[in-house]
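In short: position in the sequence shown from 1, add 56, done, that's this note's numbering.
Please note that the accuracy of each hint is not assured.
[What the hints assert, rightly or not] Think about it this way: if two alpha-carbon atoms lie no more than 20 angstroms apart in a straight line, the pair counts; the simulated SDA-like pairs of lysine to any residue are:
#  : residue 1 : residue 2
1  : K152      : D81
2  : K155      : D173
3  : K155      : G138
4  : K155      : N144
5  : K152      : G141
6  : K152      : S171
7  : K152      : N167
8  : K155      : N167
9  : K152      : W137
10 : K155      : D136
11 : K152      : Y174
[Said to hold, decoys possible] Each pair of labels, with its calculated beta carbon distance range:
#  : residue 1 : residue 2 : range
12 : A190      : R63       : 41 to 49 angstroms
13 : A190      : T85       : 19 to 27 angstroms
14 : D173      : R126      : 16 to 24 angstroms
15 : H91       : V159      : 17 to 25 angstroms
16 : P145      : D81       : 32 to 40 angstroms
17 : A79       : G106      : 16 to 24 angstroms
These are calculated hints, taken from the structure and not from any lab test. Yeah, the Cβ is synthetic: ideal placement off N, Cα and C, and Gly gets one too.
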Amino acid sequence: HASIGIRIHRAAGGPAGVPMYVAIDDNPTPWQFDHQIAPYLERWDAHLRGAGMSLGVYANAPTIDRCRGRGLGRYFWQHDWGSGGRLNPAAAIHQKAGKQWAVGGVMSDINDVYSVDYGQWEPVDLARIAQAAAGSLA
Numbered sequence: 057h058a059s060i061g062i063r064i065h066r067a068a069g070g071p072a073g074v075p076m077y078v079a080i081d082d083n084p085t086p087w088q089f090d091h092q093i094a095p096y097l098e099r100w101d102a103h104l105r106g107a108g109m110s111l112g113v114y115a116n117a118p119t120i121d122r123c124r125g126r127g128l129g130r131y132f133w134q135h136d137w138g139s140g141g142r143l144n145p146a147a148a149i150h151q152k153a154g155k156q157w158a159v160g161g162v163m164s165d166i167n168d169v170y171s172v173d174y175g176q177w178e179p180v181d182l183a184r185i186a187q188a189a190a191g192s193l194a
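Construct all of the structure, not just a fragment, from the sequences and the given hints.
Below is the structure:
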């Protein structure tokens, strides 16, 4: 799946140097993480690094902890299933459980963003944001 994802990313104009989030839309046990999830993410990471990208992981809070413990992923997007109400401090994005909004007639999940760099394609210019906030941007 990694090669297909990379091909679609490039076809859509996606740049190098950004993450691709790989979904672990589950609440895996430690055994499942060690024997199924981690090897899966390691293969994704190798493919993404080979394409000049990095690994982002969409997962719950405990899985994010396990990923960080194994050095898997540079970006994290948290869902709440199995998180016990805990927001992982490493999460750059947090999908709000049960919160949706219609965008162009399509129901879309609501997310909170906690990092200036969450892997977006258009890197944020911090100086430009500061100028805009100060009202000095022409």
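Hints, verified against the model:
1. K152 to D81: 14 angstroms, holds
2. K155 to D173: 23 angstroms, violated
3. K155 to G138: Holds, at roughly 17 angstroms.
4. K155 to N144: 19 angstroms, holds
5. K152 to G141: Holds, at about 11 angstroms.
6. K152 to S171: 16 angstroms, holds
7. K152 to N167: Cα-Cα ~5 angstroms, so holds.
8. K155 to N167: 8 angstroms, holds
9. K152 to W137: 11 angstroms, holds
10. K155 to D136: 12 angstroms, holds
11. K152 to Y174: This hinted pair holds, its Cα atoms lying about 16 angstroms apart.
12. A190 to R63: 41 to 49 angstroms: 42 angstroms, holds
13. A190 to T85: 19 to 27 angstroms: 50 angstroms, violated
14. D173 to R126: 16 to 24 angstroms: 22 angstroms, holds
15. H91 to V159: 17 to 25 angstroms: 38 angstroms, violated
16. P145 to D81: 32 to 40 angstroms: 21 angstroms, violated
17. A79 to G106: 16 to 24 angstroms: Holds, at about 20 angstroms.
The structure fails hints 2, 13, 15 and 16 (numbered hints given earlier, in ascending order).
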